[in-house]
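Q: Listed below, chain by chain, are the residues.
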Amino acid sequence: MSFETAGYQLTPVLPELVLAVGSMALLMLGAYRGQGTTKAVTTLAVVLLIATGVIELLLPAGKLTTFGGSFIVDDFARFLKILALIGSVVTLILSAEFLSDPSRRIFEYSILVLLSTLGMMVLISAGDLISLYLGLELMSLALYVVASSHRDNAKSTEAGLKYFVLGALSSGMLLYGASLIYGFTGTVSFAGIAAAANEPSIGLVFGLVFLLAGLCFKISVVPFHMWTPDVYEGAPTPVTAFFASAPKVAALAVLTRATLTAFPGILSQWQQILVFVAIASMALGAFAAIGQQNIKRLMAYSSIGHMGFALVGLAAGTPEGAQGVLVYIVIYVTMTLGSFAVILAMKRGGQNFENIGDFAGLSRTNPTLAFFFAMLLFSLAGVPPLAGFFAKWYVFAAAIKANLFTLAVIGVLSSVVGAYYYLAIIKVMYFDEPLTKLDPVRVELGAVVTIAGLFNILFFAYPGPLVSMASAAAKSLF
Amino acid sequence: MILPALFFYLFAGVCVASAVMVIASRNPVHSVLYLILAFVNASGLFVLMGAEFLAMILIVVYVGAVAVLFLFVIMMLDVDFVELREGFIEYLPVGVVVGGIFLFELMMTVGAWVIKPGVTKAITAAIPANVSNTEALGLVLYTKYIHYFQLAGLVLLVAMIGAIVLTLRHKANVKRQSIPVQNARTPELAMSVRKVTSGQGLQDADAAEWVQ
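Line by line, the protein sequences are chains L and V.
Mapping of the first sequence onto the numbering used here: position 441 corresponds to residue 441, and the numbering continues sequentially without gaps.
Mapping of the second sequence onto the numbering used here: position 153 corresponds to residue 153, and the numbering continues sequentially without gaps.
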């Protein structure tokens, strides 16, 4: 039996097929058996995501393409898909408590996370503008819904609506850019665009700007960041953890693939855009976070800054730069998920606390949690020898090799400024008068914090596998 | 040769006139009805161009779904359109100035615009003979573009799930129709004969039974 449809090989899309069919089966299970199945559906969703990851790893090696080149599986795609799947699995694990509340027992939450992950996988593998757009919409549409999944809460509803309206605007810009690019190159496939776009024409650059604007919105970099703090604050915390991890991976992946494989001929054009965006994001991330009192808003500005740092590597436009982006995004995802697990663990008397003042004296009431959170914050600040330092090291090294000295210097300076507010939280935890003890930390939260913390502490001892995998993944783009 | 031109001017004229009426008519329901007329004439123009698939889609989607939805919304919302029109005269001069500048700029730009000869040949694939455009779409939609088609289907699935998640509420104490229960009702269950004492009528205790 040949595994194909309409003459296209289906082997490369096997993980996506399993995920799509599996999530529809779970949808049926939930729809027919009612909201009582929420826990079972969530557990099965985690199993399904892991199965998808395993199938992805078992695919034949090398570069596989199908659907006329609109779907590409190479080392780059495999690397980032596994990362996105890990992000989604951890999100579902972190959501267990949120979903156990009787008023919020919605089994559709897990289904939407699954379908959003499917969108991310399509996005990471996108080989042309149409699959890019469809993957992006599939991912975002599910995100809009989960953002307002706590629908009796005004802030959650506001977050969902704001994200939806601005997301629709960014999709419009992206589509406009894509149509201009199609008009001026005569093709939608990245390879075809690369062949046609040897020299910058005004129309093509115009289209490129709009395409980048649409994608920059999804990774929330300046000047398309306005939605981030409000949405992060308003959405339920597990959902915020999701926003900050897996979708960023997918959007950054497609930004990397689109710029490096579709527009290598006009590198100088998009390089200056990315340099500006990276500088603006790093600076805003560093300065705007200083005054924040709410830890989720602070994490939002932190994520804006970190995306700026990741773009430093992409702006270099070299294999080293792409490798830097990949290492950065892996470390960023672990730091973010670990930090959000700590934020979720901040419960006193069954009530979640989100202000920085609520962390006061955590080192005396919950020393282990405080230690790991301090390590994660040091890592976010980029203090050696933690993982966050190496993440910045790889992107700045690539930028310097590409002669982007100004960018690297501004990046280092803004990371120094940014260290202030991470250190301020550590000061509150270790030197302020302790508040009452937290509720017992749930096992899954403790596990996520511990794994993320240990990864960040011990990364320097054995960075080889991750760096070499990232290097192989980056090379598959060139 | 004269007949297509005649129809073109008929459809185009009605289309433009009804588009003007959409914004000019005072009653919003009339506006939507004129909008439907504009859509129908636009689809007539598509037919003249040989794009019969687009023409039918325009009727089915825009007239059949979107415009009817518009009508529903307008009839359900109690929007005070008179209030919305207030200040029209007041803002007219500014609007005319801005609009005039914009029109002037557009004319300057478009007036200098020269479309490269033969550009339509360069950017479009040759149209095969003996294949209607509905058939041409059908030939590629489920084969060459199966990937996009399925993805679009998944996007719609997410939209459907989202609409249900965000709006469906299972309220307690809501009376629902249950057809088996209705069918199982017999005259004995549904009716009872009472002796009503003259001058007193039905007591409250009797009336309560009827409510259930």
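Please keep in mind that the hints were generated in silico from the structure rather than gathered at the bench.
Bear in mind the structure is a predicted one, so any value in this text is a computation, not a measurement.
A virtual CB, placed ideally from N, CA and C, is assigned to each residue, including glycine.
Hints may be right or wrong, so weigh each one.
As the list claims (entries may be wrong) - Each computed BS3-like pair below joins lysine-lysine, with the alpha-carbon atoms no more than 25 Å apart:
1) LYS155/L x LYS195/V
2) LYS347/L x LYS437/L
3) LYS155/L x LYS347/L
4) LYS39/L x LYS144/V
5) LYS144/V x LYS63/L
6) LYS401/L x LYS475/L
7) LYS347/L x LYS427/L
Unchecked claim - To list a few chain V residues with every Cβ distance to chain L over 12 Å, as calculated:
8) VAL20
9) ILE89
10) GLY162
11) ILE164
12) ILE179
Q: Each hint should be assessed against the structure and marked as holding or not.
A: Okay, the hints, checked on the actual structure:
no., hint, verdict
1, LYS155/L x LYS195/V, "violated, 60 Å"
2, LYS347/L x LYS437/L, "holds, 9 Å"
3, LYS155/L x LYS347/L, "holds, 20 Å"
4, LYS39/L x LYS144/V, "violated, 40 Å"
5, LYS144/V x LYS63/L, "holds, 21 Å"
6, LYS401/L x LYS475/L, "holds, 17 Å"
7, LYS347/L x LYS427/L, "holds, 20 Å"
8, VAL20, "holds, 27 Å"
9, ILE89, "holds, 32 Å"
10, GLY162, "violated, 4 Å"
11, ILE164, "violated, 7 Å"
12, ILE179, "holds, 20 Å"
Checked against the numbered hints given earlier, the structure breaks hints 1, 4, 10 and 11 and satisfies all the rest.
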